Amino acid sequence: MSGPGPDPTAQPPGNPDRLYILTGGQTRPEAKTELDLVTLIVTRSESDPGLQPEHTAVVRMCDFPLSVAEISAYLELPVSTLTPLLTELLSKGEVEARPPVPTAALPDVQLLEAVMNGLQKL
Amino acid sequence: MVGTGSSAPRRPVSALIWLISPLVLAVCTVTAVLEVTPAARAPVAWCGAAATVAVALAASEAARRGRVIAGLRRRHAEREALLQYRLDQHDAETWRFAREVMPEALKLMRHGAPTDQVVRVTIPAHELEPGFAAAHRSIVRSVIEAVQAEEALRDAAHRAFVNIARRMQAIVHQQAYDIRDMEHKHGNNPDVFGDLLHLDHGNALTGRLADSIAVLGGSRPGRQWRSEIPLYNVLRGAMSRILEYRRVDLHSVADVAVVGPAVEPVIHALAELLDNATRYSPPQTRVHLTAVDIQSGIAVEIEDAGVGLTDEARRRTDRVLSKEGGLDLDDLGESPRLGLAVVSRLANTYDFLVSLRPSAYGGVRAVLVIPPNLITASKFPGGDIARAPKLPPAKKRRRPGSIPVQPSAAPIMDSPIPPPLGDSGLPQRRRRRGPAPLPFGRAAAAQRTPAPPAPEEPPVQPGLWLAAFTSGINGEMPVPDQGRPTSDNPSDKEE
Numbered sequence: 003m004s005g006p007g008p009d010p011t012a013q014p015p016g017n018p019d020r021l022y023i024l025t026g027g028q029t030r031p032e033a034k035t036e037l038d039l040v041t042l043i044v045t046r047s048e049s050d051p052g053l054q055p056e057h058t059a060v061v062r063m064c065d066f067p068l069s070v071a072e073i074s075a076y077l078e079l080p081v082s083t084l085t086p087l088l089t090e091l092l093s094k095g096e097v098e099a100r101p102p103v104p105t106a107a108l109p110d111v112q113l114l115e116a117v118m119n120g121l122q123k124l
Numbered sequence: 042m043v044g045t046g047s048s049a050p051r052r053p054v055s056a057l058i059w060l061i062s063p064l065v066l067a068v069c070t071v072t073a074v075l076e077v078t079p080a081a082r083a084p085v086a087w088c089g090a091a092a093t094v095a096v097a098l099a100a101s102e103a104a105r106r107g108r109v110i111a112g113l114r115r116r117h118a119e120r121e122a123l124l125q126y127r128l129d130q131h132d133a134e135t136w137r138f139a140r141e142v143m144p145e146a147l148k149l150m151r152h153g154a155p156t157d158q159v160v161r162v163t164i165p166a167h168e169l170e171p172g173f174a175a176a177h178r179s180i181v182r183s184v185i186e187a188v189q190a191e192e193a194l195r196d197a198a199h200r201a202f203v204n205i206a207r208r209m210q211a212i213v214h215q216q217a218y219d220i221r222d223m224e225h226k227h228g229n230n231p232d233v234f235g236d237l238l239h240l241d242h243g244n245a246l247t248g249r250l251a252d253s254i255a256v257l258g259g260s261r262p263g264r265q266w267r268s269e270i271p272l273y274n275v276l277r278g279a280m281s282r283i284l285e286y287r288r289v290d291l292h293s294v295a296d297v298a299v300v301g302p303a304v305e306p307v308i309h310a311l312a313e314l315l316d317n318a319t320r321y322s323p324p325q326t327r328v329h330l331t332a333v334d335i336q337s338g339i340a341v342e343i344e345d346a347g348v349g350l351t352d353e354a355r356r357r358t359d360r361v362l363s364k365e366g367g368l369d370l371d372d373l374g375e376s377p378r379l380g381l382a383v384v385s386r387l388a389n390t391y392d393f394l395v396s397l398r399p400s401a402y403g404g405v406r407a408v409l410v411i412p413p414n415l416i417t418a419s420k421f422p423g424g425d426i427a428r429a430p431k432l433p434p435a436k437k438r439r440r441p442g443s444i445p446v447q448p449s450a451a452p453i454m455d456s457p458i459p460p461p462l463g464d465s466g467l468p469q470r471r472r473r474r475g476p477a478p479l480p481f482g483r484a485a486a487a488q489r490t491p492a493p494p495a496p497e498e499p500p501v502q503p504g505l506w507l508a509a510f511t512s513g514i515n516g517e518m519p520v521p522d523q524g525r526p527t528s529d530n531p532s533d534k535e536e
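For the record, the sequence lines run as chains A and B.
The first sequence lines up with residues 3 to 124 when you count with my numbering.
The second sequence lines up with residues 42 to 536 when you count with my numbering.
Simulated from the structure, these hints should not be mistaken for lab results.
Certain hints may be false.
[Said to hold, decoys possible] Using C-beta positions, here's what the derived DEER-type ranges look like:
1) A:L114 <-> B:I212: 45 to 55 Å
2) A:E48 <-> B:R320: 33 to 43 Å
3) B:R287 <-> A:E48: 27 to 37 Å
4) B:R287 <-> A:S47: 20 to 30 Å
5) A:V117 <-> B:R327: 52 to 62 Å
6) A:G120 <-> B:I212: 37 to 47 Å
7) B:D236 <-> A:M118: 54 to 64 Å
Owing to the predicted nature of the structure, the values given are computational and were not obtained by experimental measurement.
Ideal placement from N, C-alpha and C gives every residue a C-beta, glycine not left out.
Modelling step: build the complete structure from the supplied sequences, incorporating the hints.
Okay, here's the thing in C-alpha cells:
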C-alpha cells in the first residue's frame, strides 16, 4: 500500500485467478457474522494441510492476533472476500475471533438524540 | 470390313476379276456365232461384240469404283485408329489430371507455392497436341486462380476473426483490471463487492469466448504471462472462466509451476474441458479436478459424474481431438461446439495429450497431460502457503508473526518516539498493549508465552493505521515514508 508497493492497477503478473474463486462464489455469508474490520483473529490450532492456501496463510499469519483489516492488507484481499474465508475458518474452529476492546462506552446515539430533543422542547 | 493389311495382296486378283464377265460373254458370243446359221452369224457376232464391250465397260467401271472404295476404307480406318489413340490418350490424361495432378496442385497451393510452380507440376505426361495441352494448362491455371482467390478470402476472413477476437480480448483484459481495481476499492461494501464479483465472472466468460475465437483463428489465447505461475493458480484460473465454477472441487495439486508462455493455453484448454464437464453432467453433481505428477509431465484430471460418452460420441470426440489442425472456422455449423476443437488446436500447438475416457462414476474422465518442458519447479516449493495466489505478499507479510523473534523489540515498550525499525530498515507496526491479551488464542499459547508480549510497542492511536489502511484501500496513494508497515523488502530476506 505504500508508494513503490504493489498497486492494484498493475495486477501482479502471477495471478490468473479471480477473487470470486477464493470464496467459492459465496460473497456474503448467510449468517451475518460479527466480523468487522477491527475484530481480532487468532489461530487456535496448527494449520491443517488440507486447507485452501488462503486459509493456510491466515492460520499461519494469525499466530499472533491480527485484526481483519490487517489480514486483508497483508493478503491483499478485499475485506468482503476475506470475511467468508474467515467465517469458514471460524466454523471449522481453526481460528478464534474476538471483538476489539471497546475504547469507551458511549451512550446510544438515539438516546442522546432523544435527550437533546427533550431538552429543546423544554 | 476389310483391313488395310489384307487388301494389299489381293489387289492384283481383284484387278483382273472384272475380266471374268466380259470373257464369259465373249465365249458365249463365239459359241453362239458358231452355233447359228451362217446367215445369222454376222448380226449375232455384232450383238455379241456390242454386249461384250458394254459388259466389259461396266465391269471395269465397277472394278475401279471398288478400288476407290477400298482406298477410302483404308484411309478411314487409319484415321479412326488415330482418333482412337488420341481419345485413349485424352482419357488417360484426364484421369491423371483428376487423380494425381489436381490433388498435388492443391497440396502445393496449400503450402503456398507460387502459381508458376504449380502449373509446372501439371505438365501432361504424354505427348499431346499443342491445343489440348494449352487447354489443359489454362484449366489448371484458372482452377489455381479460383482456389487462390478462395484461400485469400478465407485468410482475410480468418484474420478479421482473429483481429476482432484480439480487440475483444484487449477490452476484456482492460475491464478485468478495472473490475479488479474496483473490487479493491469497494472491498468494504459487501453489496457493491458482490455485484462486482458477478461482473468479473461475466467478464471472464466473455474473455474465454474471445480466446476461443482467437485460438480457432490460429492465434494465441489471451495474454502472455511473463513469469511462471504455480499450477494451483493455473487450475483456479481455469475454474474462474467457466459458468458453474462452484461445482468444481479442486483436489490435490502437484507442487509445480507452469512456464509463462504456456500458462494461458493450459488455462484455456482446462477451462474448455471443465466447461464440458459441468455442462454435460447433472447440475447437482460435482466435478473433480486434480493434478498429479507422472512420468511424462503433469496429468490434470477432470472427472464428472454425468451421462458419459456413448461410443459414437467418443469416436466423434476422438476424431475432433486427433484432427490435424482442428476445426475450420468455416464449417462450424449453426450451433458451433467450439470446446473440443479449441482444446485440440491447443493440444497440437503445445503438445498436450488429451484423452476423454469413461469415468468410474459413469461420467467422463478427461486427462490433459502437460509435457515436462512446459513445467518448471515452483518458485515457492514446499509449504501450503507457498501455493497461495498472493504468495509473495503473504509471505513477507507474515512478519507480524515473526516479530517475536526479535527480543530487542520488547524493552522499548513505553518509549514515546520512533517506531522500531525492522531488519529491513523499515518501520514496524506498533501494537497497542491492550489488545494483546495472553489468555486469548490457541490452547498451545502457553508454550509460546514468551512470544506474544515481545512485539508490544509504544501505544499509538488505534485508529491511525486503520485510517491509513482504508485510505489505501480506497485507492489514495499515501506518502510512502510514513510510519506504517510497508510490505516490500523484508520478504526477500525471509526467502
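Distance restraint hint 37 to 47 Å, applied to the beta-carbon atoms of G120 (chain A) and I212 (chain B)
violated (60 Å)
Taking 33 to 43 Å as the hint, is the beta-carbon distance of E48 (chain A) and R320 (chain B) inside that range?
holds (40 Å)
Is 20 to 30 Å respected by the C-beta to C-beta distance linking R287 (chain B) and S47 (chain A)?
holds (28 Å)
With 54 to 64 Å as the target window, see if D236 (chain B) and M118 (chain A) comply at their CB atoms.
violated (38 Å)
Is 27 to 37 Å a correct range for the gap between the Cβ atoms of R287 (chain B) and E48 (chain A)?
holds (29 Å)
Starting from the range 52 to 62 Å, see whether the pair V117 (chain A) and R327 (chain B) falls in it by beta-carbon distance.
Because 58 Å falls inside the window, the suggested range holds.
Does the Cβ distance between L114 (chain A) and I212 (chain B) fall inside 45 to 55 Å?
holds (52 Å)
When held up to the earlier numbered hints, the structure conflicts with 6 and 7 and fits the remainder.
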